[in-house]
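Asks: Each chain is listed here by its residues.
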Amino acid sequence: MIAFGDLFRMILENRANIPVIEQMLGGIPGVDLILWKPFLALIFMPGFTGLMIVIMLMVWIERKLCARIQWRVGPREVFWYLGGLIQPLADGMRYFFQETIVHRDAHRPYYLQFPILAFIPVLLPLLFISAGPLIAIETDFGVQIAVALISLISVIIIGFGWAANSRFAYIGTIREAFMYFAYEIPFILSVVAMLIIYRTGNTLHIAEMQSVPGALLNPLAFLAFAVTMVMATSRMPFEIPEADQEVAFGPMVEYSGIMFGLVMTIAYEKAYVLAALMTDLFLCGGAGPQIQMLGDLSGAIWFFIKTFIVIIVVFSLRAIYPRYRIDQAMKIGWTFALALSTAALALSVVVSTVIPPAMGQ
Amino acid sequence: MSDESVEFLNSGVLAPIKKWGTRWSLWPAHFVTACCGVELAHAFACGYDGERWGVLNYGISRQTNFIIVEGAITRKMACALRLVWEQMPEPKFVIVLGACGERGGLFWNGYNIVRPSDVVPVDYFVPGCPPTPEALLRGCRAVQDKIEGIDRTTIRFKHVDIGREVIEERLIPTSPKRCALTPTIRIDMHSEAKWVFGRELVSVLERALGDLLVRTAIVGRNRIAVKVNRDKMKEVAVKLKEIGFDHVKSVNVVDIPHEKKFIVEYIVSSYSVEDLKPVLLSVFCDVDRDDAWISSMKDVWESADYQEREMHEFFGVMFEGNPWMGRRFFLAKDSPEYPLRKDFKLKEARYVLEKDEDVRNPPPSDLTLPVPQEFLEDAREKDEYVVYVGPHHPASGHLRTILRVHGDIIVDVLPDPGYVHRGMEKTAENLLYVQSIPLFERCSIVDSPNITLGYVRAIEQALGIHVPERAKYIRMILAELSRIGTFLYDAAIGPMFLGHSTGFMYCFAIREMLVDILTRITGARITTSFIVPGGIRRDVPDDVLDAVNRFTYALRKRWERYMDIFVRNPVTLARLRGVGVITKEDAIKWGMAGPFLRASGVEYDVRKIEPYEAYDEVEWEVPVSDEGDSLARFLVRVEEMNQSIRIIRQAVSALKNIRGEILSEDVLGECSDVYANDIRGYFYRAFGDIVLPRGEFTSITEASRGSLIYSIISDGESNMPYRVRVVTPCLLNLRAFMESVKGERLADFWTVYLSFGYFPPEADR
Numbered sequence: 026m027i028a029f030g031d032l033f034r035m036i037l038e039n040r041a042n043i044p045v046i047e048q049m050l051g052g053i054p055g056v057d058l059i060l061w062k063p064f065l066a067l068i069f070m071p072g073f074t075g076l077m078i079v080i081m082l083m084v085w086i087e088r089k090l091c092a093r094i095q096w097r098v099g100p101r102e103v104f105w106y107l108g109g110l111i112q113p114l115a116d117g118m119r120y121f122f123q124e125t126i127v128h129r130d131a132h133r134p135y136y137l138q139f140p141i142l143a144f145i146p147v148l149l150p151l152l153f154i155s156a157g158p159l160i161a162i163e164t165d166f167g168v169q170i171a172v173a174l175i176s177l178i179s180v181i182i183i184g185f186g187w188a189a190n191s192r193f194a195y196i197g198t199i200r201e202a203f204m205y206f207a208y209e210i211p212f213i214l215s216v217v218a219m220l221i222i223y224r225t226g227n228t229l230h231i232a233e234m235q236s237v238p239g240a241l242l243n244p245l246a247f248l249a250f251a252v253t254m255v256m257a258t259s260r261m262p263f264e265i266p267e268a269d270q271e272v273a274f275g276p277m278v279e280y281s282g283i284m285f286g287l288v289m290t291i292a293y294e295k296a297y298v299l300a301a302l303m304t305d306l307f308l309c310g311g312a313g314p315q316i317q318m319l320g321d322l323s324g325a326i327w328f329f330i331k332t333f334i335v336i337i338v339v340f341s342l343r344a345i346y347p348r349y350r351i352d353q354a355m356k357i358g359w360t361f362a363l364a365l366s367t368a369a370l371a372l373s374v375v376v377s378t379v380i381p382p383a384m385g386q
Numbered sequence: 002m003s004d005e006s007v008e009f010l011n012s013g014v015l016a017p018i019k020k021w022g023t024r025w026s027l028w029p030a031h032f033v034t035a036c037c038g039v040e041l042a043h044a045f046a047c048g049y050d051g052e053r054w055g056v057l058n059y060g061i062s063r064q065t066n067f068i069i070v071e072g073a074i075t076r077k078m079a080c081a082l083r084l085v086w087e088q089m090p091e092p093k094f095v096i097v098l099g100a101c102g103e104r105g106g107l108f109w110n111g112y113n114i115v116r117p118s119d120v121v122p123v124d125y126f127v128p129g130c131p132p133t134p135e136a137l138l139r140g141c142r143a144v145q146d147k148i149e150g151i152d153r154t155t156i157r158f159k160h161v162d163i164g165r166e167v168i169e170e171r172l173i174p175t176s177p178k179r180c181a182l183t184p185t186i187r188i189d190m191h192s193e194a195k196w197v198f199g200r201e202l203v204s205v206l207e208r209a210l211g212d213l214l215v216r217t218a219i220v221g222r223n224r225i226a227v228k229v230n231r232d233k234m235k236e237v238a239v240k241l242k243e244i245g246f247d248h249v250k251s252v253n254v255v256d257i258p259h260e261k262k263f264i265v266e267y268i269v270s271s272y273s274v275e276d277l278k279p280v281l282l283s284v285f286c287d288v289d290r291d292d293a294w295i296s297s298m299k300d301v302w303e304s305a306d307y308q309e310r311e312m313h314e315f316f317g318v319m320f321e322g323n324p325w326m327g328r329r330f331f332l333a334k335d336s337p338e339y340p341l342r343k344d345f346k347l348k349e350a351r352y353v354l355e356k357d358e359d360v361r362n363p364p365p366s367d368l369t370l371p372v373p374q375e376f377l378e379d380a381r382e383k384d385e386y387v388v389y390v391g392p393h394h395p396a397s398g399h400l401r402t403i404l405r406v407h408g409d410i411i412v413d414v415l416p417d418p419g420y421v422h423r424g425m426e427k428t429a430e431n432l433l434y435v436q437s438i439p440l441f442e443r444c445s446i447v448d449s450p451n452i453t454l455g456y457v458r459a460i461e462q463a464l465g466i467h468v469p470e471r472a473k474y475i476r477m478i479l480a481e482l483s484r485i486g487t488f489l490y491d492a493a494i495g496p497m498f499l500g501h502s503t504g505f506m507y508c509f510a511i512r513e514m515l516v517d518i519l520t521r522i523t524g525a526r527i528t529t530s531f532i533v534p535g536g537i538r539r540d541v542p543d544d545v546l547d548a549v550n551r552f553t554y555a556l557r558k559r560w561e562r563y564m565d566i567f568v569r570n571p572v573t574l575a576r577l578r579g580v581g582v583i584t585k586e587d588a589i590k591w592g593m594a595g596p597f598l599r600a601s602g603v604e605y606d607v608r609k610i611e612p613y614e615a616y617d618e619v620e621w622e623v624p625v626s627d628e629g630d631s632l633a634r635f636l637v638r639v640e641e642m643n644q645s646i647r648i649i650r651q652a653v654s655a656l657k658n659i660r661g662e663i664l665s666e667d668v669l670g671e672c673s674d675v676y677a678n679d680i681r682g683y684f685y686r687a688f689g690d691i692v693l694p695r696g697e698f699t700s701i702t703e704a705s706r707g708s709l710i711y712s713i714i715s716d717g718e719s720n721m722p723y724r725v726r727v728v729t730p731c732l733l734n735l736r737a738f739m740e741s742v743k744g745e746r747l748a749d750f751w752t753v754y755l756s757f758g759y760f761p762p763e764a765d766r
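Residue numbers (this note's numbering), protein chains in the order written: chain L, 26 to 386; chain A, 2 to 766.
In short, the hints are calculated from the structure, not lab data.
By construction, the Cβ of each residue, glycine as well, lies at the ideal position given by its N, Cα and C atoms.
Relax, there's no trap hidden among the hints.
Where chain A lies over chain L, by a calculated footprint (3+ residues, C-beta under 8 Å):
hint : segment
1    : 95–108
2    : 123–131
3    : 266–272
4    : 280–290
5    : 337–351
Can you make the complete structure from the sequences, with help from the hints?
Replies: Below is the structure:
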């Protein structure tokens with residue numbers, strides 16, 4: 026049993042240093058709790074706030090960006106002054122008040138449970154990912170746990186595809202399963218390759234260690250990670266399980282109303298988690314010019330900017346590439362990506378013998 | 002009116018949020034029901050960009066709240082419409098586009114048309130045929146206003162007394178139509194055409210077939226009619242195939258109730274023998290009306306299969322040996338039986354309807370779509386999975402296909418066309434010849450100049466009208482513009498099938514320019530109705546011709562952007578190459594047509610083989626490819642577009658030196674001096690009473706997607722056709738499309754689909 030006093034001391038010890046908030050709210054009881062680093066990581070970066078910005082803003086940016094590439098305007102009239110910025114909100118409101126249909130063929134309990142269950146593997150990895158100096162749970166196995174949890178997302182998608190019991194959902198589910206095997210091994214190998222270099226799974230330390238970005242230390246791993254990330258988030262050249270022109274959004278075909286809203290955000294959340302992992306592993310985490318006023322938040326904001334750019338790049342592929350066929354995508358996964366990540370593993374072994382372990386430890 | 006939806010939105014404390022969210026997030030279910038879909042695509046492409054209002058076309062009914070019903074709803078489509086509407090979650094809204102959606106439009110008395118308002122509650126009607134994109138977007142705005150509570154239905158007019166005089170009641174004009182009741186129908190009227198090869202060919206035929214023939218006749222240049230007995234039909238077919246007539250272009254049945262017989266006619270031609278390519282040989286036989294059977298030619302000419310099914314359900318002739326006898330192919334299961342028989346009468350067209358007169362067809366009561374049971378059971382036994390694609394599917398158009406997949410490989414395909422079958426052939430029998438021009442245009446509104454040209458040429462051929470030189474060139478320019486436009490449409494829809502929306506947008510940006518050019522020439526965006534028997538409706542000034550010329554340069558510049566982003570994309574190449582390969586032999590066997598045939602290595606282009614308009618006066622080439630895969634089919638059409646540009650540029654510069662009339666004196670008669678350059682206002686006087694001589698007149702035209710065949714059968718007395726048979730290129734290509742999908746992967750179905758540019762309204766008519 027930890028005494029209340031111990032807990033309080035723990036909070037004080039692990040307090041984020043943010044001069045702005047200190048000046049404005051210093052001395053008000055409760056601020057200490059908010060400034061407790063794990064709590065801040067949960068509600069701010071990479072937690073709730075970051076996720077909400079990605080979900081709300083990313084849909085809009087995706088639509089606007091594609092529209093610009095396609096010689097048109099995109100959502101505009103709903104909030105004219107900011108170019109239709111709150112279009113996703115309107116869509117969300119509409120979904121929220123729409124009828125939720127559970128069709129006769131569906132397995133009702135699972136059909137309704139899985140979209141909600143999906144939040145567990147989607148959100149838990151964020152606990153182990155550091156945004157600058159903020160991290161919710163600091164452990165030497167952070168990356169490993171995050172990767173293991175991310176792997177669960179596909180299982181959930183397969184679950185609700187099965188529960189939907191529709192023809193297209195069935196095909197989409199099988200496609201999801203096949204794709205899962207095709208990208209998962211190269212994905213894990215590329216992460217392992219980086220762990221060999223860093224010799225720890227603590228994302229906080231990994232981010233601090235990178236005086237040179239991990240992408241330059243092992244470019245092969247970076248490439249393998251990028252390719253498998255596009256496959257894992259099922260974005261455009263590999264948007265095969267949800268191919269709407271072929272299998273009508275596959276596993277999600279039967280969902281309507283708020284349930285579809287939940288299901289649809291999984292893809293965005295997954296993209297956010299993977300992009301955050303990529304930022305920590307390859308792009309120096311929260312490193313960037315320090316802003317004195319923001320203190321510890323500065324790193325978190327740099328982290329978020331990097332993550333956001335990664336997501337934008339991945340999402341803008343939609344406007345450039347058509348879709349591969351399932352066998353072609355699997356071939357890429359099992360040959361190109363696997364070979365690339367294996368080579369990355371070898372490269373890491375070489376690199377880690379040449380470069381001594383980071384000085385920080 | 003779906004007022005329940007509005008009531009729901011207005012209820013509760015959260016009403017403002019509900020209304021606001023729904024208003025700005027109207028997602029139409031991507032449910033294209035008929036030809037207005039072309040303008041729908043324009044409205045949501047970059048020219049008009051309906052997404053500005055948050056109206057986002059979305060493929061899956063469960064996640065949408067809005068249906069835009071595009072035009073004519075057939076009996077088959079009505080079931081699909083109702084199903085989609087019921088799949089959608091509340092609150093949901095419906096708007097209906099087009100004249101067909103309101104009261105049937107051109108097809109108001111058609112046997113296969115129902116009104117969408119009888120099937121689903123409708124919030125707004127958008128008039129027009131087709132409505133412009135602006136009108137469609139106004140319709141979407143109207144629904145937004147309705148959600149907000151702004152009532153647009155009650156506009157209060159101010160009453161003003163202008164003191165008008167009461168005039169005496171006018172008489173309702175009588176119908177100008179004349180119809181012989183028991184006419185003599187002959188489809189082998191001798192012609193005096195100077196055709197040396199034809200006489201040789203007839204003697205060859207007579208020698209080869211001997212006493213199997215009843216009689217032979219040359220009915221026109223490149224047209225021969227051969228009468229045989231129905232028992233001998235198959236033997237004749239085998240021998241004709243040996244001579245070189247390797248595919249069927251059209252299967253036709255003519256019903257003559259007063260003589261108690263059908264005439265069953267196969268129009269065959271050749272792709273393999275060079276000399277026979279332009280020849281259309283019509284093999285026909287009389288069939289007893291009470292005992293209507295004939296052995297199927299499916300074994301000899303594979304390409305006859307689908308058209309035999311069609312003729313069977315339209316006329317009730319049994320084609321013995323065809324497995325689809327007794328089943329519906331184009332028609333819904335509750336469509337009237339044998340609708341093209343003469344004793345099935347459509348409602349008479351009148352200027353004023355009687356009060357309370359009900360002219361609508363009752364909506365279908367049984368909403369289930371047909372599923373062939375034995376197909377399903379066979380699939381179950383062999384452990385295969387059945388997938389239904391369409392008619393409501395994010396990428397299926399109006400075609401429904403039932404795919405049987407083993408793993409990821411398509412084992413068998415059943416096409417289920419007819420969702421846009423509006424019964425044009427029957428409707429045309431009740432219209433004056435000239436009234437049918439806008440009617441047939443609707444079978445492929447993206448390709449309207451070519452479709453009109455085919456019909457008009459058949460009339461000109463029958464009446465021996467000589468078209469003035471200037472009109473010929475302008476018609477050729479229109480036809481080529483339409484060829485480009487149709488390819489742009491297909492090249493836009495194609496990327497969508499691969500999930501590449503940028504390609505769609507780029508093509509529609511170019512198409513928007515083309516539509517502007519068509520508007521400047523003809524006055525209409527899409528349905529031009531500009532080509533009339535004897536020429537064109539009015540002259541085209543030089544500045545418009547310059548604009549056409551400039552357009553070809555603007556097109557090339559933007560087209561390169563499209564090529565870069567879609568065609569030269571490694572993923573596209575990986576998807577298209579080697580998929581859906583059709584060999585030369587198969588292409589001939591299945592009777593393909595147009596650029597898709599040329600992609601399989603058969604050099605056949607009607608514009609070269611039987612040159613019409615001014616195609617023999619300009620320089621151009623026929624692009625041919627030997628690969629026969631999806632990529633080849635696409636690239637042949639790309640190259641064809643370059644040739645079209647070449648033709649247009651030459652024609653524009655040639656037109657600068659060709660002045661003169663644009664309407665033939667043969668048509669105008671005594672009033673040729675007055676209306677020579679503008680027929681406006683005198684149209685009916687010139688064209689209203691055209692009567693074709695007795696006989697059958699077959700024209701073949703190279704439309705954008707392949708050869709288009711019109712057979713007009715006239716009795717020589719009525720000013721309405723006795724029967725018009727239209728065979729569109731998509732109908733000819735449907736067979737090859739279905740066959741080439743077999744053995745490919747499931748995702749390749751859409752690759753093959755895009756390479757064929759299959760346009761269901763064109764196939765269904």
